[in-house]
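Residue numbers (our numbering), protein chains in the order written: chain A, 1 to 281; chain B, 1 to 659; chain C, 1 to 341; chain D, 1 to 289; chain E, 1 to 160.
In silico lysine-lysine, DSS-like type, Cα no more than 27 Å apart, as pairs:
{"hint": "1", "chain 1": "B", "residue 1": "178", "chain 2": "B", "residue 2": "256"}
{"hint": "2", "chain 1": "D", "residue 1": "103", "chain 2": "C", "residue 2": "289"}
{"hint": "3", "chain 1": "A", "residue 1": "88", "chain 2": "B", "residue 2": "29"}
{"hint": "4", "chain 1": "B", "residue 1": "256", "chain 2": "B", "residue 2": "267"}
{"hint": "5", "chain 1": "B", "residue 1": "29", "chain 2": "A", "residue 2": "21"}
{"hint": "6", "chain 1": "C", "residue 1": "256", "chain 2": "A", "residue 2": "88"}
{"hint": "7", "chain 1": "B", "residue 1": "524", "chain 2": "E", "residue 2": "134"}
{"hint": "8", "chain 1": "C", "residue 1": "38", "chain 2": "C", "residue 2": "7"}
{"hint": "9", "chain 1": "B", "residue 1": "234", "chain 2": "B", "residue 2": "267"}
Quick caveat, the hints were computed from the structure, so don't treat them as lab data.
Given next are the chains, with one letter for each unit.
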Amino acid sequence: MIEIGHDCTCEGNPLVPQVCKVIEITTETSDVSSFKVQTLDGGLPFEFVPGQLGMFGIAPHGECMFCVSMGGPDWLEFTVKRVGTVTKRIHQLHVGQQVIVRGPYGNHWPTEQCKGRDMLFIAGGIGLPPVRTFLLHCLANRADYGRIDLVYSASTKHDLVFKEQLFELWPNEPNTHVHISVYKDCDGNTCTISFTAPFLEDLGLDVSNTTAVLCGGPSLYRTCSKALANMGIADENILTTLEMRMKCGIGKCGRCNVGEKYICLDGPVFTQAEVNAMLKD
Amino acid sequence: MSRIGVFLCHCGTNIAATVDMTRLAEATKELPGVVYVEENKYMCSEPGQQAVKQSIIDRGIDRIVIASCSPRMHELTFRKMLTDTSVNPYMLEIANIREQCSWVHKDKEAGTKKAIDLVRMAVAKVDRNAPLFTSEIPITKRALVIGGGIAGIQAALDIADAGFPVTLVEKEPSIGGKMVMLDKTFPTMDCSACICAPKMNDVGAHPNIEIMSLSEVEEVTGYVGNFTVTIRQKAKYIDYDLCTGCGLCEQKCPSKVTSEYERGLAKRKAVYKPFAQAVPSKPIIDAKNCRKFTEDRCGVCEKLCTVNAIRFDDEDKLVTLEYGAVIIATGYELIDWTSLYGEYGAGAYPDVIDGLTFERIINASGPTEGHIVRPSDGKEPKTVVMIKCVGSRDPHKGKAYCSRACCMYGAKHAHQFLDKIADGECYVFYMDVRAMGKGYDEFYMNTLQDGATYIRGRVAKIYPEGDKYICIGEDTISSKIVTVSADLVVLDTAMEPQESADAIGRLFGVSRDLDGWLTEAHPKLRPVETNTAGVYLAGTAQGPKDIPDCVAQASAAAAKVIGMFCLKALESNPMISVVDEINCRGCGDCVDVCPYKAIAMETVERRENSVWVTRDIAVINSGLCQGCGACTASCKSSALDLLGFTNEQILQEVDALCL
Amino acid sequence: MILKKEKLGSLLDMLAGTATVLVPTAFNAEGGSEGGEKATGFLPYQAGSAVDLGTVKTTRSPKDALLPQTETLYSYEQRGEDVTLTETVNNTNQILFGVRSCDAYSIACLDEVFLTRTFVDTLYYERRLGTLIVGLGCTATERSCFCTSFELDPAVAPGVDIQLTDAGDGYFAEALTTKGTEALDAWKPFLTEGTKPTPAELEFTFKLDTAKLGEQLKTMFEDPYWQDLSMKCLGCGTCAFVCPSCYCFDMSQNNKGSEGYRFRTWDSCTFVDYSMMAGFHNPRPTKMKRLRNRFMHKLCFYQERYGNSLCCGCGRCIELCPVGIDISRVIEDVERVVAHD
Amino acid sequence: MSNTLASVQETLRQRARTLLEDGTITYLIGWEAGRFEGQTTPLILRKAADVDRLIYNEFCVHILAKYPLSDKNIEGTIGVVVRGCDSRGINLALKDGQIKRDKLYLIGIPCEGMKDARTGQELKKCLQCTHRNPVVYDELIGDAVEDGAKVDRFAEVAQLESLSVDERYDYWAAIFSRCIRCKACRDTCPSCTCRECFTDQAAMGWQGKETSLAENQNYGITRMFHIGERCIECGECERVCPVRLPLMQLNRKIIKDAYELFGEFYAGIDDCTPHPLDHYLLDDVEEFM
Amino acid sequence: MSLEQAVEAPQKTAAEAAEVAEDWRPKILAFTCNWCTYAGADLAGLNRMNYPADVRLLRLPCSGRVNPQFVLHAFQKGCDGVLVCGCHPGDCHYSTGNYFTRRRMLLYRRYLEYLGIEPERFQIRWISGSEAGKFRDTVVDACEAVAKLGPNTKYREEGR
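Next up, chain A with everything else stripped away, as it sits in the complex (with noise of 0.2 Å):
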């Protein structure tokens, strides 16, 4: 039991939001757009780590849960696609309109156990953001990482985000492959790969040091485990980012449970292991 008053210490709401700016919007895709957030005196709305999700919303409709897909000296960006009611709404946002932010939440990547090791960045569709920060922290220290392979699919050829860091930027970092398919009517230079195990097999990766990073769909999740797993990679070394509806961010609502783990706590990376331990909820 907890003596009331004694050790706990509290400053301010954690569910009060602070209003921030939009600063910049980039439209990635028809329905997926970029915001970059900075506070009313033009600082940084919170310190992040790669991997945490922040809360970026509305006042008058609401907030949701996003990864922080960058993070600048005085800016954060929060890249989000038109699904429901909020998103919709937050893509009718121009610059210069104010918005409410809060967070870090969750835990991040764990970029210092990574180090030294080469890196597989697995995603699909919407789930390049979150592998993305990793992915530029590794580029950032580039010393400290082995090969790194991108290997990115999405429905159609408008659906990639992040167009000119996929096709220009990231390939001519050194010691980087990038792997781009889509499902449909992929004309011209991207090429239809499936993302069976043969495609991964091929890839001519040191099984041992290599740590796999992988973001999706439930489908692109389910085949992809399944194919690392018989590659051989250790189940603490794939890593992934579960995705529940999460309402408060600080564990206290109850909602975002899988199991008796919270995603805004304890995740939203976890381990393969941990997913394994985990009830199939």
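For this one, chain A is given, so just place chains B, C, D and E on it according to the hints.
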């Protein structure tokens, strides 16, 4: 946030007089989402519309609110204006601050507050609008004209001449309506048969016109461009293909019946042609009076018919056809004055007759071959009294409106009477003489010069004395009581809509006004159209009028129909209901509610949470749906919503109103 | 010290002067629909309101005083492009009078959730600071009480400030926390000397063994038992809303023109839209998954995270579940199902 | 066949065993005893072996009409024990296309009215029940009992109607202030089968999730109007309400008015007549001229 | 709003009704059908008729579109009176819309009265496109009746 542009119209002083426009503009600027407010003298004018287009480009506006007159007036105008801008024509809302605000509230303070509320409601609604797109509706290029009077004939001829097939439905055995009963027509006094009969023959002979006499419209479904109409062709008991119209059967038929066409002045046979120049010029058998049907004997006509065209076993036939447009020309009926005016003898005196009966008497092809005689004893009347406005302009006993044509045909009757009976005296009791057409007043002056005595006043009482009728009235000019003993009294009774017009209106969704006339879309701007797209009005069905107006309106209606038929296809109404498949539980309540049978239940396969499920959902036929929204109110889980008037929009309007 | 029962009324009047006193009272005076079925809750005490300390457990639990069903988090105002937020500050000063040990245990569970694990919910914290809890030992049990199955002592409520124990014509009051002793000084004029009576021996209709419940539940996660059990469940929120220890909440906002406020309100994991994500995708689409999640969270997940079970054995959900789903029967069935396979 | 509860229960068990064994039904929905004396709970009986858990006594108060709906795509057939109210509930579900008739095997039992385990008297909803005999069934156990309400079911409504407008408002405001929006009344109601109830459609703007007096009123009043004209008067909404709101006084009012306006009718008597608000007569009562 | 505030809510609304600002004007919302009543209202404008400015018209394609939930929503958000107007039965532009409205509103009006809303506050009228006079009279009567009843405090959200 949406970027809304609000344009406030002064409408000259119509709005600006009783609404403080500057204060309205200030209040509008604060509304959420409004990025630009502009005032303009006349929004609907060309410069006004240009201002809107320009501001769309300059300020990147994506939604428009125009505070001006009624949307019923200029919504279409502003929507057309938006078609050539980047803004979708349906991202537009109109706040009615003229007809429902500035014109009806004198107190400027209250008027301005109301205008601010109305604009706030429109802004709240436009914020929730979504771009809508029209689709194409095919047009069946065939017209239906209901009513074979002069209006129906003229409309049918115009459309047929333009090359489109027409069906002319007439409930009497022959077309011609009331005009063919007349003798002469004012003001030119040319004989009505000479101008009406040729037109009837043209109709009869026209390859594009199919006449369905003795027929009535039974049932209508569908919508503009695709009406499916079922017509009941009553049994004629004569095979029109074989019958040559020789008239032998009519001569030999033993049973005599009072002729409605001759208004009771003469008899007709059970197998009869209503009048000589009837079109189709073939007889029908009146089942109620034919002895074959009533007593199952006779059958003379069957025996005599050389081409044995008589079919006693004939039945009503139901014909269902597709039509693109409909013109309703059901015409008028004279009011039954006998039940209204007891002081004129309530029909008991045989020599107190109405205008049409007098027309039959004076008509050369009438029962009296044109000799003016008294129906009672056949003697030539020396003094005639004509009483105007019997039933018209008399809200207590009859109708409040003026029947427009009676002053002129009254003068015509006086003129004809004085022509035919040299030493005749003609007294005309009138309230006001309304002769406003071309050459009308001159005609009236001629009648005065012919010696007709016009007495300003109404006849209070008519009572018989000997074989004369004493008419007591007051001459309001000399304010003396005037008594005239007349041989014959002609009452110019009021016009009333045909009682079948009510049923026709109900079938086509055209409302009737208090007096039963079919209501036009707009008295000044759209007199021949109705609120139901594709349904037009012609002739006295829309209100009392004389023959020139009927013909003009008939041609106008025909022009509208031809205009529509020249289009490749019609733009469908995009404001229709849509089904949210996720919420539809397949209960089918909406199917019973839809007046256009536009909703059907369909079994579908859907993947829900990665499991394939088959279930029933409602599906809307966007062609049939007219956007009435009845289904949305019957759907409990709001799976059905009406584009343009969605639940969210209406709720936002209510919220905005109550701030 | 003994508080004579006839002095109770005057004590409450005095206390009502200093703070809002919440006492168990019946709130459907007209006897409700089922002929005399009483519905009770912790309502503010006014002079003359019918205090009902006899009820074993109130229909609405005291959770309502600490985590109100609807609570405004912050309000905002939108002027054109910019937004201003104002946090709600609530300074509560209330006394929860007559809290049974099962409810007190639930309050302790709520404390664990809202006041520990990296984030502290300040709204709950301020309300908890301003609340004095007066526990009341049970003298009788209802058929559905089974708090002893979770090692709870009906006589002594865990974590209360002042504990009252029934002593025939009065209540023996003793302070268990510093806050309790300070509050007790104010009661002095109403107390008389007396010794602490030995709490009456209570007999319960049934007692369950909940020792290894957590592990057993984990092993039967995929068992079809849940399918049949959940077919009975209607998916309503009665069990969660009457349960003293259920704390899940939903957050939403209410707008009026350009102002509005964001609030949080109770939510039940048995509701369909509890974990509904955008685009109608629901990680727990069927009733089975939702009901299983409810029992697992109550009896297993919470224990793994905070160390003790979230069910206090009060039995409210057993009494009020429309279709009679009984958590005690579920616990019993766990033995049978686990033993079976 | 005598109608004593014990004999009915015995016959029901035999029929259940035979039906389960010969596979006409995949499982039977009935009742089983709860932990305490007089407490029952619905039972999903799959195996013939434990047919002894199946009971039928005077405390089987739950309505079973809604349970088959959650398994509407089943390959086999669902057996359901139906009394008067359940059968009308099944008819409602059939009328609304929520389940196909061939997926159901209905065992009808004429019901003499259930008792409240706490007080022992007959439940109010059974006193007011108009159709004790099942209106649709595949087989019947026991002889028919006479239908018709034993007490005037509109008495409370008439008494409320005699109050003044303000008194009525205060009465209902006090009631709705107690509602905790647990939605038990909606989830137990056989005619409430929407996939997403209006009260959960915050985006559309019907209602928020806040439990303020106004939101409770909006929920209670609108839900009751949605099902009022098709209510089978099973009384479940009132029975299940944890805070004991007298909800039947609401839908009885709608039913009483519907009788006066559109003629007497009983919802759920068959599965084809359209609900009163889904059709019209040209010569309906005209008050708005 | 927790339990305690709810219990004494009814008394509060009664006290509120006592002090009414004298410049208070009723706020009445009229759901009007586009083809008949809205046209009638326009006609009243064309004929420069005069009626109090307390009514706001909300245009809908047909009276059949009026969902009873809009009416309660209007009262809750702060309207003092609600009018539902449509074409005369038989005149509906969509032929059967107002037959369903008639049935719904017959039931709903009695239901709201039973729940405590004064009948004068919620009226339903059939007004055709040519009955401008009837529209004006309906509005005048409604404003008078609602003004006499004072502001509506029933079923109203706080702070509205």
